[in-house]
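Protein chains: 2
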Amino acid sequence: MTTDIQDLMFQLQKKNDSKIVMYIADGLGGLPQEPGGKTELETAATPNLDKLAQRGTLGLSTPVLPGITPGSGPGHLGLFGYDPLTFNIGRGVLEALGIDFDLGPNDVAIRGNFCTIDNDGKITDRRAGRIASDIGAKLCEKLDQIEIPGVEVFVKPVKEYRLVIVFRGEGLGGHVNDTDPQRTGIPPLKAEGKDAASEKTAEICNLFIEKAREVLKEDAPANLLTLRGIAKKPDIPTYEEVYGLKSGAIAVYPMYRGLARLVGMDVLDAGQTIDDQMKCLKENWDKFDFFFIHFKYTDSTGEDGNFDAKVKRTEEFDAGLAKIEALNPTVIIVSGDHSTPSKMKAHSWHPVPLLLAADRCRFDGSTGFSESECRKGGLGQIQAKYIMSLAMASADRLEKYGA
Amino acid sequence: MTTDIQDLMFQLQKKNDSKIVMYIADGLGGLPQEPGGKTELETAATPNLDKLAQRGTLGLSTPVLPGITPGSGPGHLGLFGYDPLTFNIGRGVLEALGIDFDLGPNDVAIRGNFCTIDNDGKITDRRAGRIASDIGAKLCEKLDQIEIPGVEVFVKPVKEYRLVIVFRGEGLGGHVNDTDPQRTGIPPLKAEGKDAASEKTAEICNLFIEKAREVLKEDAPANLLTLRGIAKKPDIPTYEEVYGLKSGAIAVYPMYRGLARLVGMDVLDAGQTIDDQMKCLKENWDKFDFFFIHFKYTDSTGEDGNFDAKVKRTEEFDAGLAKIEALNPTVIIVSGDHSTPSKMKAHSWHPVPLLLAADRCRFDGSTGFSESECRKGGLGQIQAKYIMSLAMASADRLEKYGA
Numbered sequence: 001m002t003t004d005i006q007d008l009m010f011q012l013q014k015k016n017d018s019k020i021v022m023y024i025a026d027g028l029g030g031l032p033q034e035p036g037g038k039t040e041l042e043t044a045a046t047p048n049l050d051k052l053a054q055r056g057t058l059g060l061s062t063p064v065l066p067g068i069t070p071g072s073g074p075g076h077l078g079l080f081g082y083d084p085l086t087f088n089i090g091r092g093v094l095e096a097l098g099i100d101f102d103l104g105p106n107d108v109a110i111r112g113n114f115c116t117i118d119n120d121g122k123i124t125d126r127r128a129g130r131i132a133s134d135i136g137a138k139l140c141e142k143l144d145q146i147e148i149p150g151v152e153v154f155v156k157p158v159k160e161y162r163l164v165i166v167f168r169g170e171g172l173g174g175h176v177n178d179t180d181p182q183r184t185g186i187p188p189l190k191a192e193g194k195d196a197a198s199e200k201t202a203e204i205c206n207l208f209i210e211k212a213r214e215v216l217k218e219d220a221p222a223n224l225l226t227l228r229g230i231a232k233k234p235d236i237p238t239y240e241e242v243y244g245l246k247s248g249a250i251a252v253y254p255m256y257r258g259l260a261r262l263v264g265m266d267v268l269d270a271g272q273t274i275d276d277q278m279k280c281l282k283e284n285w286d287k288f289d290f291f292f293i294h295f296k297y298t299d300s301t302g303e304d305g306n307f308d309a310k311v312k313r314t315e316e317f318d319a320g321l322a323k324i325e326a327l328n329p330t331v332i333i334v335s336g337d338h339s340t341p342s343k344m345k346a347h348s349w350h351p352v353p354l355l356l357a358a359d360r361c362r363f364d365g366s367t368g369f370s371e372s373e374c375r376k377g378g379l380g381q382i383q384a385k386y387i388m389s390l391a392m393a394s395a396d397r398l399e400k401y402g403a
Numbered sequence: 001m002t003t004d005i006q007d008l009m010f011q012l013q014k015k016n017d018s019k020i021v022m023y024i025a026d027g028l029g030g031l032p033q034e035p036g037g038k039t040e041l042e043t044a045a046t047p048n049l050d051k052l053a054q055r056g057t058l059g060l061s062t063p064v065l066p067g068i069t070p071g072s073g074p075g076h077l078g079l080f081g082y083d084p085l086t087f088n089i090g091r092g093v094l095e096a097l098g099i100d101f102d103l104g105p106n107d108v109a110i111r112g113n114f115c116t117i118d119n120d121g122k123i124t125d126r127r128a129g130r131i132a133s134d135i136g137a138k139l140c141e142k143l144d145q146i147e148i149p150g151v152e153v154f155v156k157p158v159k160e161y162r163l164v165i166v167f168r169g170e171g172l173g174g175h176v177n178d179t180d181p182q183r184t185g186i187p188p189l190k191a192e193g194k195d196a197a198s199e200k201t202a203e204i205c206n207l208f209i210e211k212a213r214e215v216l217k218e219d220a221p222a223n224l225l226t227l228r229g230i231a232k233k234p235d236i237p238t239y240e241e242v243y244g245l246k247s248g249a250i251a252v253y254p255m256y257r258g259l260a261r262l263v264g265m266d267v268l269d270a271g272q273t274i275d276d277q278m279k280c281l282k283e284n285w286d287k288f289d290f291f292f293i294h295f296k297y298t299d300s301t302g303e304d305g306n307f308d309a310k311v312k313r314t315e316e317f318d319a320g321l322a323k324i325e326a327l328n329p330t331v332i333i334v335s336g337d338h339s340t341p342s343k344m345k346a347h348s349w350h351p352v353p354l355l356l357a358a359d360r361c362r363f364d365g366s367t368g369f370s371e372s373e374c375r376k377g378g379l380g381q382i383q384a385k386y387i388m389s390l391a392m393a394s395a396d397r398l399e400k401y402g403a
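Quick note, the sequences are listed as chains S and E, same order. Counting in the UniProt record's numbering, the first sequence runs from 1 upward without gaps. Counting in the UniProt record's numbering, the second sequence runs from 1 upward without gaps.
Simulated from the structure, these hints should not be mistaken for laboratory data. Nothing false has been slipped in among the hints.
Identical copies carry no separate label here, and so any pair may be met within one copy or between two of them.
In silico lysine-lysine, DSSO-like type, Cα no more than 27 angstroms apart, as pairs:
| no. | residue 1 | residue 2 |
| --- | --- | --- |
| 1 | K345 | K400 |
| 2 | K38 | K376 |
| 3 | K345 | K19 |
| 4 | K51 | K38 |
| 5 | K400 | K194 |
| 6 | K343 | K376 |
| 7 | K376 | K51 |
| 8 | K345 | K15 |
| 9 | K156 | K122 |
| 10 | K14 | K343 |
| 11 | K287 | K14 |
| 12 | K296 | K19 |
| 13 | K190 | K14 |
| 14 | K343 | K15 |
| 15 | K376 | K312 |
| 16 | K296 | K400 |
| 17 | K38 | K345 |
| 18 | K246 | K19 |
| 19 | K38 | K400 |
| 20 | K51 | K312 |
| 21 | K345 | K14 |
| 22 | K343 | K19 |
| 23 | K194 | K14 |
| 24 | K343 | K400 |
A quick note: this is a predicted structure, and the numbers were derived from the prediction, not measured.
The whole structure should be built from the sequences, with the hints applied where relevant.
Here it is as structure tokens:
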């Protein structure tokens, strides 16, 4: 019934030579340590962002809905202009993206946890004593040898007791329960499918677990595994389809490369540092219409609860902006996928600072880039999924709606 | 396809020991008497609200949609986090709630109006000369004796010519037209049902009217009645289901108790004054996670068009806040169900001042609680249905959405 912003993008997109850069500081928004104090962003010295704010328009972005704290998946889908309530990324899919596994349309991705069971098959430790990563990796190699007729099996380590399992085969559904019972003293649950295709997946899961039990029987404490977040990747239209944009992603961390790949962006060689990323941007400048540049450390320092480190990382992010501006993009968007206040040591629901700069901006009198300036900004408070339509408009890439 | 905020609350709720207090001044928002003047709230001395605003976050709440003036039902459903366009409370149901009638799932509730008909059965006065309440009450006693096979019949006076009729029985539908033709000179309309179950209700309505005609034939001017707002109570998920909150309502007026009961709150003994209400809050503090406290007089003075009285009542409301704060709730929400500007002597569509105070608020530099401060507040302008998700987040009662 209702027309989503995405449908409008499909309908109205047009092409030109403009360049759009989306520069994302993960977990950008923050909180002051005390009422009346300054946030991390307000504390940081950010001359480049402040200057850009003076010629741009500010606002606050709500990643999902008021009060809803997003994970990285919904947070980025929102930024990319996809309604994060319509497109749901399962845990298994996100884990697979996080280890650079290139998921195909016939793949079911699963997050696995090594666990410990006793002689009666009851779970005694849901994380197998948090085994070291190298032990986990060796066990994954063993599990990767398991053969199941009719499907390809991939088993890859993530970290410590965590792993990813992918089953590749025709007609597999993604609606299967977790086998982790969420407590010890009982056996893992049987996998069951919610429809015929998922029942097929569930049978494969149960068969895999049976074989894993044999393979791991001498490997205590990690003598079994549980399966969680069993899912297929969402059927999602690409950036090229939605916006007509040839798009490149420049992200150091695999999960963000994976999320970009999910919407059809080309994943470029980002290197390891922000300087590497900016070098990559410059080298690829002529090849793409749109660039997604992801900076991780404003989130990780926030999650660590380290206010000062987040301030410093924000300044590093600011320095990167100068190199983007040197390339003279038509539109620059600066924002985050969600807030990560160091006070909370976690993602939060607080709206995220947003800056859009282009020749066609309506000047809003902002003097700098901060939560308090953004609160008064000309874009108001908008859902993240509308950032891309504003960027497209600012790049003159949208036709008029209706006659 | 898209998920409503309520579905997210179902999915993401988690429990802890936090306490949330929603402190509602009915009809809180106002208008200045002259352009450039102050509203009732801006005129009132509200030291407690102002202090809370300094450590909280302000905003404006739109009860339904811009320009839409809500009745008490939709106004409160919005505050409670239920989309007032999805959940519709029929007039009959609201009238029944307003006289503390405890409606069950098999009840059809009807608002009745005594009217006057002539010898040809044509209506000559749709309100029977606005008969006095004690006369209306006596007539209701007579009507309450009417017996209809297969259903229980309840007839209760409201005020003057207004009454409530409830039919209790299996399989009764709630989709029946009003029998009030909205003008004089013609007979009342026949009741007709829109589906089989409602047709059954319509037959009962017509039979009841026939018997009422006999019972009231000597009681001119009130010698018949019309039926309006024939409805069943909406099938509405409870606060416990949606939020996992054990909730108590502290309201002096029956309609607000009824609305709270409709969403599954426990109705507490509120007494008659704001002091009684605060005493009730303190006594029940340990028994509930969430309290809804309703203050009526900011609305009734507004409806009276008495600016000064509304100012005074606002100050009384402010004084009550100190007693809430003394209990140290995790989250305090202060707002109204709609605006009632005394200049308009009526409910209005103007957005309602909103204050949310909790440790995890993002400071927005507010200096006091008023329409003009709220307009600049950090929550922006939001629909009322998002207040509860913000409160839940601020109380750390929501899981992250998506991985």
